[in-house]
Amino acid sequence: AREGSVREEETFIDELDDQTYLDVDLDTPERRTYEKMAAAFAEDPRRVPSDELCGALLRRAMAIVPYIERIEKDRMSVPRLASNAYIPQHIASELEYAEGVIEHEIKEVQALADQLR
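According to my numbering, the stretch in the sequence shown is residues 180 to 296, in order.
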(Lines of atoms letter the chains of each structure in order from A; the text may use other names.)
(Lines give C-alpha, C1' and ligand atoms only; values in the text may rest on other atoms or scores of the structure.)
Protein backbone atom coordinates (compact mmCIF):
# COMPACT_ATOMS: atom_id res chain seq x y z
CA ALA A 180 0.00 0.00 0.00
CA ARG A 181 2.87 2.31 0.76
CA GLU A 182 4.36 2.02 -2.75
CA GLY A 183 1.00 2.94 -4.28
CA SER A 184 0.78 6.10 -2.22
CA VAL A 185 4.31 7.10 -3.21
CA ARG A 186 3.47 6.57 -6.87
CA GLU A 187 0.27 8.60 -6.46
CA GLU A 188 2.26 11.35 -4.78
CA GLU A 189 4.84 11.37 -7.57
CA THR A 190 2.05 11.50 -10.14
CA PHE A 191 0.49 14.48 -8.35
CA ILE A 192 3.85 16.29 -8.22
CA ASP A 193 4.46 15.50 -11.89
CA GLU A 194 1.05 16.94 -12.72
CA LEU A 195 1.98 20.14 -10.89
CA ASP A 196 4.96 20.53 -13.21
CA ASP A 197 2.54 20.99 -16.09
CA GLN A 198 0.24 23.36 -14.22
CA THR A 199 0.35 27.12 -14.13
CA TYR A 200 -0.15 28.66 -10.73
CA LEU A 201 -2.44 31.53 -11.60
CA ASP A 202 -3.19 32.62 -15.13
CA VAL A 203 -3.70 36.34 -14.64
CA ASP A 204 -5.81 37.56 -17.52
CA LEU A 205 -6.58 41.25 -17.22
CA ASP A 206 -8.39 41.34 -20.55
CA THR A 207 -11.72 41.16 -18.78
CA PRO A 208 -15.07 42.32 -20.13
CA GLU A 209 -15.06 44.96 -17.39
CA ARG A 210 -11.72 46.32 -18.56
CA ARG A 211 -12.84 46.41 -22.20
CA THR A 212 -16.07 48.17 -21.24
CA TYR A 213 -14.16 50.76 -19.24
CA GLU A 214 -11.70 51.35 -22.10
CA LYS A 215 -14.54 51.87 -24.60
CA MET A 216 -16.30 54.26 -22.25
CA ALA A 217 -13.05 56.14 -21.51
CA ALA A 218 -12.35 56.51 -25.24
CA ALA A 219 -15.87 57.88 -25.81
CA PHE A 220 -15.44 60.21 -22.81
CA ALA A 221 -12.11 61.47 -24.20
CA GLU A 222 -13.76 62.26 -27.55
CA ASP A 223 -16.72 64.06 -26.01
CA PRO A 224 -17.31 64.12 -22.24
CA ARG A 225 -21.03 64.66 -22.86
CA ARG A 226 -21.33 61.17 -24.43
CA VAL A 227 -20.51 59.33 -21.21
CA PRO A 228 -21.52 60.70 -17.81
CA SER A 229 -18.55 60.77 -15.46
CA ASP A 230 -20.45 58.79 -12.80
CA GLU A 231 -20.97 55.97 -15.33
CA LEU A 232 -17.27 56.07 -16.18
CA CYS A 233 -16.42 55.88 -12.46
CA GLY A 234 -18.78 52.91 -12.11
CA ALA A 235 -17.11 51.15 -15.02
CA LEU A 236 -13.71 51.76 -13.43
CA LEU A 237 -14.97 50.34 -10.15
CA ARG A 238 -16.23 47.20 -11.93
CA ARG A 239 -12.82 46.90 -13.64
CA ALA A 240 -11.16 47.01 -10.22
CA MET A 241 -13.61 44.49 -8.77
CA ALA A 242 -12.83 42.04 -11.59
CA ILE A 243 -9.32 41.50 -10.17
CA VAL A 244 -10.44 40.84 -6.59
CA PRO A 245 -10.37 37.02 -7.04
CA TYR A 246 -6.71 37.29 -8.12
CA ILE A 247 -5.88 39.50 -5.13
CA GLU A 248 -7.57 37.06 -2.75
CA ARG A 249 -5.69 34.10 -4.20
CA ILE A 250 -2.34 35.88 -4.04
CA GLU A 251 -2.94 37.01 -0.47
CA LYS A 252 -3.91 33.48 0.53
CA ASP A 253 -0.79 31.95 -1.02
CA ARG A 254 1.78 34.70 -0.42
CA MET A 255 3.39 33.06 2.62
CA SER A 256 2.97 29.37 1.88
CA VAL A 257 3.92 29.03 -1.80
CA PRO A 258 7.50 30.34 -1.51
CA ARG A 259 8.07 28.19 1.58
CA LEU A 260 6.69 25.09 -0.14
CA ALA A 261 8.83 25.74 -3.21
CA SER A 262 12.00 26.35 -1.17
CA ASN A 263 11.45 22.98 0.52
CA ALA A 264 10.80 21.33 -2.88
CA TYR A 265 7.22 20.37 -2.02
CA ILE A 266 6.00 22.14 -5.15
CA PRO A 267 7.83 23.11 -8.34
CA GLN A 268 9.81 26.36 -8.15
CA HIS A 269 8.02 27.73 -11.20
CA ILE A 270 4.83 28.02 -9.14
CA ALA A 271 6.56 30.42 -6.73
CA SER A 272 7.95 32.36 -9.69
CA GLU A 273 4.48 32.59 -11.21
CA LEU A 274 3.08 33.84 -7.91
CA GLU A 275 5.72 36.57 -7.86
CA TYR A 276 4.92 37.48 -11.47
CA ALA A 277 1.17 37.54 -10.73
CA GLU A 278 1.78 39.85 -7.77
CA GLY A 279 3.61 42.28 -10.06
CA VAL A 280 0.89 42.21 -12.71
CA ILE A 281 -1.86 42.79 -10.16
CA GLU A 282 0.11 45.53 -8.39
CA HIS A 283 0.53 47.32 -11.71
CA GLU A 284 -3.19 47.02 -12.44
CA ILE A 285 -4.08 48.40 -9.00
CA LYS A 286 -1.77 51.39 -9.49
CA GLU A 287 -3.22 52.01 -12.94
CA VAL A 288 -6.79 51.92 -11.63
CA GLN A 289 -5.82 54.28 -8.78
CA ALA A 290 -4.24 56.73 -11.23
CA LEU A 291 -7.33 56.62 -13.45
CA ALA A 292 -9.57 57.20 -10.43
CA ASP A 293 -7.44 60.21 -9.44
CA GLN A 294 -7.87 61.61 -12.95
CA LEU A 295 -11.65 61.27 -12.71
CA ARG A 296 -11.83 63.28 -9.48
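Since the hints were derived computationally from the structure, they do not count as laboratory data. Incorrect hints may appear among the rest.
[Claimed, not checked] Estimated spans, in silico, between C-beta atoms of each pair:
#1 225 <-> 260: 52 to 58 angstroms
#2 218 <-> 276: 27 to 33 angstroms
#3 208 <-> 247: 14 to 20 angstroms
#4 211 <-> 276: 40 to 46 angstroms
[Claimed, not checked] In silico lysine to any residue, SDA-like type, Cα no more than 20 angstroms apart, as pairs:
#5 252 <-> 293
#6 215 <-> 237
#7 215 <-> 293
#8 215 <-> 284
Every residue gets a Cβ at the ideal spot worked out from N, C-alpha and C, and that includes glycine.
Report task. Would you pick out the hints that fail for this structure and give their numbers low to high? Result -> 4, 5
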